[in-house]
Amino acid sequence: MAKMIDRPSGLGAQPTPAFEEQHRRWEAASAKGRSRKDPGSGAVDRTISDVPLKVVYAPEDVAGLDLAEDLAWPGEYPYTRGIHPNGYRDRLWTMRQFAGFGTAAQTNERYHFLLEHGQHGLSVAFDMPTLMGYDSDAPQSRGEVGKCGVAIDSLADMEVLFDGIDMGDITTSMTINGPACIALAQYIAAAEKKGIPRAKLGGTLQADILKEYIAQKEWIFPPRPHMRIIVDMIQFCTREMPKWNTISISGYHIREAGSTAAQELAFTLADGFAYVEACMAAGMDVDSFAGRLSFFFNSHIDFFEEIAKFRAARRIYARHMREKYGAKDTRSWQLRFHTQTAGCSATAQQPENNIVRVAFEAMAAVLGGTQSLHTNSMDEVLALPSEKSVEIALRTQQVLAYETNVTNVVDPLGGSYYVEALTEEMEAQAESYFAQIAEYGGVIEAIESGFFQREIAEASYRYQRSIETRDRVIVGVNAFVKEDEPENIDLLKITEETERGQAASVRDLRTKRDDAAVRRTLESLRAACRDPKDNLMPHLIDCVNTYATEGEIVEAMASVYGRYTERAVL
Amino acid sequence: MNERPLRVVIAKAGLDGHDRGAKVIARALRDAGMEVIYTGLFQAPEQIVQTAVQEDADGIGLSILSGAHMTLFPLVVEQLKAQDAGDIVFFGGGTIPPEDARRLKELGVREIFTPGAPLQTIVDFVTRECGKRRTPAA
Chain A
1 MAKMIDRPSG
11 LGAQPTPAFE
21 EQHRRWEAAS
31 AKGRSRKDPG
41 SGAVDRTISD
51 VPLKVVYAPE
61 DVAGLDLAED
71 LAWPGEYPYT
81 RGIHPNGYRD
91 RLWTMRQFAG
101 FGTAAQTNER
111 YHFLLEHGQH
121 GLSVAFDMPT
131 LMGYDSDAPQ
141 SRGEVGKCGV
151 AIDSLADMEV
161 LFDGIDMGDI
171 TTSMTINGPA
181 CIALAQYIAA
191 AEKKGIPRAK
201 LGGTLQADIL
211 KEYIAQKEWI
221 FPPRPHMRII
231 VDMIQFCTRE
241 MPKWNTISIS
251 GYHIREAGST
261 AAQELAFTLA
271 DGFAYVEACM
281 AAGMDVDSFA
291 GRLSFFFNSH
301 IDFFEEIAKF
311 RAARRIYARH
321 MREKYGAKDT
331 RSWQLRFHTQ
341 TAGCSATAQQ
351 PENNIVRVAF
361 EAMAAVLGGT
371 QSLHTNSMDE
381 VLALPSEKSV
391 EIALRTQQVL
401 AYETNVTNVV
411 DPLGGSYYVE
421 ALTEEMEAQA
431 ESYFAQIAEY
441 GGVIEAIESG
451 FFQREIAEAS
461 YRYQRSIETR
471 DRVIVGVNAF
481 VKEDEPENID
491 LLKITEETER
501 GQAASVRDLR
511 TKRDDAAVRR
521 TLESLRAACR
531 DPKDNLMPHL
541 IDCVNTYATE
551 GEIVEAMASV
561 YGRYTERAVL
Chain B
571 MNERPLRVVI
581 AKAGLDGHDR
591 GAKVIARALR
601 DAGMEVIYTG
611 LFQAPEQIVQ
621 TAVQEDADGI
631 GLSILSGAHM
641 TLFPLVVEQL
651 KAQDAGDIVF
661 FGGGTIPPED
671 ARRLKELGVR
681 EIFTPGAPLQ
691 TIVDFVTREC
701 GKRRTPAA
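So the sequence lines, in the order shown, correspond to chains A and B. Using our numbering, read the first sequence as starting at 1 and increasing by one per residue. Using our numbering, read the second sequence as starting at 571 and increasing by one per residue.
So that you can see chain B by itself, here it is in the shape it has in the complex (with noise of 0.2 Å):
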C-alpha cells in the first residue's frame, strides 16, 4: 500500500547514558525493514519532537532508564501537541514501575516497554501503529 518504509525516531533524553536498548531497537526495526533514525544521548524532549517531524516520522521511541521518565515523557507528549505532532506514534521503554508505566500511558503515551520485552513484540506495534497512521480509518 505505501510505497516508503515506516520511518521511526529512536531517542535518548537527559542525562542518561544507557544506550544499549535503544541501540538493539533501532537495529531491530531496521531489520524489520524500517527506516531508522538514532537521536544519538543527550536530546532535549523539543530537539527529539523536531527531528521526528522534519524526518516526516512515523513514531518516536523514547529509552530513560536514569529514573527520569516520569519528567521526560510528559515533555515529549507536551512538545508533540506543541508542535502539532499529536498523530506521531509515541512509544517508550526503560527502568520504568508499573504504576508509572500506566500514568504514562493515560498521558498519551502509546506504550511502555520494560527490559524482557521481547524484540518481536515490539517490531509487531511499531507495525501496527505505525501502520494506522499511515491508512487512517478507510
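Only chain A is shown next, with the shape it has when bound in the complex (with noise of 0.2 Å):
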C-alpha cells in the first residue's frame, strides 16, 4: 500500500476505509470459492501464454502505474493508449485481406473482386517457389506452384498480377522475405511500365529476414549478408520511395509457430531494433527511415492478453525509439500496426466455429488499436479459402466497424485494472528477454545460438500438453467433439494443370528475351553484391527489366552470399 501513498498520481487513488473494508470482506468470500472441475478449468489461473492470473484485479495492481509516463493521452507519448488523438473516429483501420493462388491471372481477378466488394488495399500471398526463390519449373518446385499463393517468376506475371487494377491509387502489400528485394524491383517496373512513377507508390514489403530465421523459415541467403540487403532496400526507399512502408517487422509467424505472446512481442521488437541499429550503423539519421517501418502482430484467441500485448508494444517501442536510439521525430516513435487473426486457433473439426473465433480475435485487434487487419476464414486450415469464406471474414470486420461501436471511443480498455497490470506485465517479460538477448551478442547471434527456436518449441509444446490434458479446452477438438462430422465445404482446388502451365510459361518467357541483356544486368548484379558500397536496388531492377526470372537472379545473389542453411532444434 505504501506504493500507492508514493504515486497519488496513478490509477491506484488512495483507497478509502470503506473500501479497504470491502476488500478484507471479498477476500473471506473468496477463499471460500470452490473452484470448477469441468474441462478448461485446469487453466483458469492463467492466461494462454501462462501469464499467471489473479481472480480480480484492483488499484492496488497498477500502483505504480503513473498516468503521464505510463499511460498518456491517445497519440501522446509513449502511445499506450494509440497513435491517433481520435482513433477510429478520424479513420478506421484499413480492411486488408491476404490473397494470392494459382496463376497471376487467377489471383488479379480475385483482387478486382475484392476491391468491388470494399476492400481498402491489396496484400499478395506467393506461392512457396516464388518465397524461397525457385522458378515454377524448378525440381524443387514440385507440387508446389500456385498451391499457397500465387506464382510470380518474372516481371511478365507481375504485369499480370496488377493488370487493370490503378497501381498508383491502391496500396499494395506484399508478404515475401527471402526474394522480397526482387519483388519490389519487378512492383515497381511494373508500374513504371504503366507511367506510375515509383514515388507515387504506397504499400508495404514485408521484407522482415530475422523472423525467418526464427519461425517461419523461409529464407535463402544467410543472416549478415542478408542485413546488408534490407539496409539497401531501407535506404533505396527513404530516397526515391516516399509513400512506402519499407518493411513490416513480424510477430504473426512466431506466434504461428508456437510462441507466447510476450515472446512474440519481445522477439518482433528485437528484430525491429536489429534493424534500426543496421541502419544506423550504415550512417542513417534514425528520422529519416524510422517514420517508415511498421509491425504486424498475431490476434490470439485470449482476448485479453493480446489487447495487453499490442498496447505493451506501442509503450516499449517509443520508449526504445526515443530514448535508446534517440529518434525526435515523433513518427520514429509510433509503432504502427497490421494484424491478422490467429491460423493456428483455428480448427479443421467443425470448421464453422472459426468465424466465431475470427470474430472475437478481430475485436481484441480493434481495441488494441491495429492500423490494418486481415480476418481468416474459416476453411483456411483445410485448404485455401473458398470465395464464400472470404466475404464472411470481409463482413466480420465490417460488422466489428459499423455495427458494434467499439470504434466510438478511444481505448476503451485503458484504465481496466486488469488489462493495465497485463499490458504492465507485457512489457516487464519483453523487457526481460531483450535482457537475454543482448547476453548472447544479438538478434543474429541468439538465432544462430538457437536461442529463440528453443524458446518456441518449448512454449508451442507446453501449450499442446494442456490441450491433451483438457486443462484447456478447444470446441469441437477436446471437448464438446462431433462424430461423423459432415464434409460438406467447398474447398478451393488448384490444379495441377496451374503447375504445368506455369512451368510452360516460364520456360516460353526464356526463348523470347533478350538473353545478352539478362546476363549483363545479372553480372552487374553479382558485382554490386561484391561491393557494400553499392546499393543493389537499381541493379535488381535493371535485371527484372530485362525479365531475368526471379530463379536466375536469386541464382546469381547466391553465387557471391551462398544459402542459408539451419541446425534443427527440437
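It should be emphasised that the hints constitute simulated quantities derived from the structure, not laboratory data. Just so it is clear, CB atoms sit at the ideal spot from N, CA and C, and this is done for glycine as well. Please note that the accuracy of each hint is not assured.
Short, incomplete list of chain A residues facing chain B, as computed with Cβ under 10 Å [claimed, not checked]:
#1 Q140
#2 K217
#3 Q349
#4 N478
Restricting the straight-line Cα-Cα distance to at most 25 Å, the calculated cross-link-like pairs of lysine-lysine (PhoX-like) are [as the list claims (entries may be wrong)]:
#5 A:K493 to A:K388
#6 A:K493 to B:K675
#7 A:K54 to A:K32
#8 A:K482 to B:K675
#9 A:K388 to A:K482
#10 A:K37 to A:K54
Join these two chains into a complex; the hints should help.
What follows is the structure, given as C-alpha cells:
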C-alpha cells in the first residue's frame, strides 16, 4: 500500500477505509469459493501464454502506473492508448485481406472481386517456390506451384497480377522475405511500365528476414549478408519511395510457430531494433527511415492478453526509439501495425466455429488499436479459402466497424485494472527477453545459437500438452466433439494444370527475351553484391526489366552470398 | 519383448517451412519412449526414405502444410518401394482435406492426421502400428 501513497497520480488512488473493509470481506468470501472441475478449468489461473492471473484486479495492481509517463493520452508519447488522438473516429483501420493462389491471372480476378466488395488495399500471397526463390519449372518446385499463393516468376507475371488495377491509387502489401528485394523491383518496374512513377507507389513489403530464421523458415541467404540487402532496400526506399513502408516487422509467424504472446512481442521488437541499429550503423539518421517501419502482429484467442500485448508494443517501441536510439520525430516513436487473426487457433473440426473465433480475435485487434486487419477465413485450416468464406471474413470486419460501436471511443479498455496490469506484465517480460538476447550478443547471434527456436518449441509443446490434459478446451477438438462430421464445405482446388501451365510459361519466356541483356544485368548485380557500397536496388530493377526470372536473380546473388542452412532444434 | 525402443523418422519435405506440428509430434513420441530422428526442413523424398533405411526406422511421419501433399506423399511411397522398405509404417499430417486424405490412404499412406488430432491418438497409432512391424503375425 505504501507504493500507492508514493504515487497518488496513478490509477490506484488512495483507498478509503470503506473500500478496504470491502476488500477484506471479498477476500474472506473468495477463499470459501470451490473451484470448477470441468474440462478447461485447469487453466483458469493463467492466460493462454501461462501468465499467472488473479481472480480480480484492483487499484493496488496498478499502483506503480504513472498516468503521464505510462498511460498518457491517445496520440501522445508513449502511445499506450494509441497513436491517433481520435482513434477510429478520424479513420477506420484498413481492411486488407491477404490473397493469392494459382496463376497471376487467377489472383488478378480475385483482386478485382475484393476491390469491388469494399476492400481498401491489396495484399499479395506468393506461392512457396516464389517465396523460396525458385522458378516454377525448378525441380524443387514440384507440387508447390500456385498452392499457398500466386506464382510470380518474372516481371511478366507481376504485370498480369496488376492488370486493370491502378497501382498509383491502391496500396499493396507484399508478404515476401527472402527475395523481397526482387518482388519490390518487379512491382516498381510493373508500375513504371504503366507510367506510374515509383515515388507515387504506396504499400508495404514484409522483407523481415530475421523472423524467417526464428520462425517461418523461408530464408535464402545467410543472416549477415541479408542484413545488408535490408539496409540497401531501406536506403533506396527512403530516397526514392516516400510513400512505401520499407519493412513490416512481423510477430505473426513467431506466434504461429507456437510462441507465447510475450515472446511474440519481445522477439518482434528485438528484430525491429536490430534493423534500426543496422541502418544507423550504415550512417542513416534514425528519423530519416523510422517513420516508414511498420509491424505485423497476430491476434490470438486470449482476448485481454492480446489487447495488452498491442498496448505494450506501442509503449515499449516509443520508449526505445526515443530514449535508446535518440529519435526526435514523433512519427519515429509511433508503432503502427497490421494484424491478422491467428491461423493456429482455427480448427479443422467444425470449421464454421472459426468464424466465431475470428470475430473475437478481430475485436481484440481493434480494441488494441490496429491500423489494418486481415480476418482469416473459416476454411483456411483445410485449404485456400473459398470466395464465400473470404466474403464472410470481410463482412466480419464490416460488422465490427459499423455495427458494434467499439470504434466510437479510443482505447476503451484503458484504465481497466486488469488490462493495465497485464500491459505492464507484457512490457516487463519483453524487457527481460531483451536482456537475454543482449547476453547472446544480439539477435543474429541468438538465432545462430538456436535461442529463439528453443524458446518457441518449448512454449508450443507446453501449450499442446495443456490441450492433451484438457486443462484447456478447444471446442470441437477436445470437448464438444461431433462424431461423423459432414464434409460439405466447398474447398478451393489448385490443379496440376496450374503447375504445368506456369512452368511452361516461364520456359517460354526464356526463349523470347534478350539473353545478352539478361546476362549483362545479372553480371552487374553480382558485382554489386560484392561491393557493399553499391546499392543493390537499381541493379535489381535493371535485371527484372530484362525479364530475368526470380530464380536466375536469386542464383546470381547466392553465387556471392551463399545459401543458409539451419541446424534443426527440437 | 523388444529391447530396442521404436524408432521413428519425422520429416519435412519440399519447400514447406511450417515445422511447429512436426516438432511437437517429435517431442511427444520421444516422451512416449521412442527414438525420434527429426530430418529438419526441405528434404527430398529420396533423402527421407534413405534416412529411415539407414537408421533402421520403424516408421516415417511426414508433415506438409503447404498444399503439396498430393505430390510429395506419393513420391515417398514410391521411394519406399524403390528402396525395398515398404514395411516401414508411413503416416503423415498437415492441412490435408478429407478427400485427399482418403486418396493418400489408398496409395499406401497408413494414416493422415489433421490439425487438432490429439497427440495421444498419434502416439497410440505409432506404438500400435510400428509395434506390429516388430512382431510380425506370430
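Now the hints, each set against the structure:
The beta carbon of Q140 (chain A) is positioned within 10 Å of a beta carbon in chain B (closest approach about 6 Å), and the interface hint is therefore held. Taking 10 Å as the C-beta cut-off, the interface hint given for K217 (chain A) holds, the closest approach to chain B being about 3 Å. Using the Cβ-Cβ criterion of 10 Å, the hint placing Q349 (chain A) at the interface with chain B is satisfied: the shortest such distance is roughly 5 Å. Nearest Cβ of chain B to the Cβ of N478 (chain A): about 7 Å, under the 10 Å cut. The hint holds.
This hinted pair checks out: K493 (chain A) and K388 (chain A) have alpha carbons roughly 14 Å apart, not beyond 25 Å. At roughly 19 Å between alpha-carbon atoms, K493 (chain A) and K675 (chain B) fall within 25 Å of each other, so this suggested pair holds. A C-alpha spacing of about 16 Å is found between K54 (chain A) and K32 (chain A), which places the hinted pair at or below 25 Å, so the restraint holds. About 23 Å separates the Cα atoms of K482 (chain A) and K675 (chain B), which keeps this hinted pair within 25 Å; it holds.
For a cut-off of 25 Å, the pair hint linking K388 (chain A) to K482 (chain A) stands: about 24 Å separates their Cα positions. Only pairs whose Cα atoms come within 25 Å are accepted, and K37 (chain A) paired with K54 (chain A) is accepted, the gap being roughly 18 Å.
Violated hints are absent here; each numbered hint is respected by the structure.
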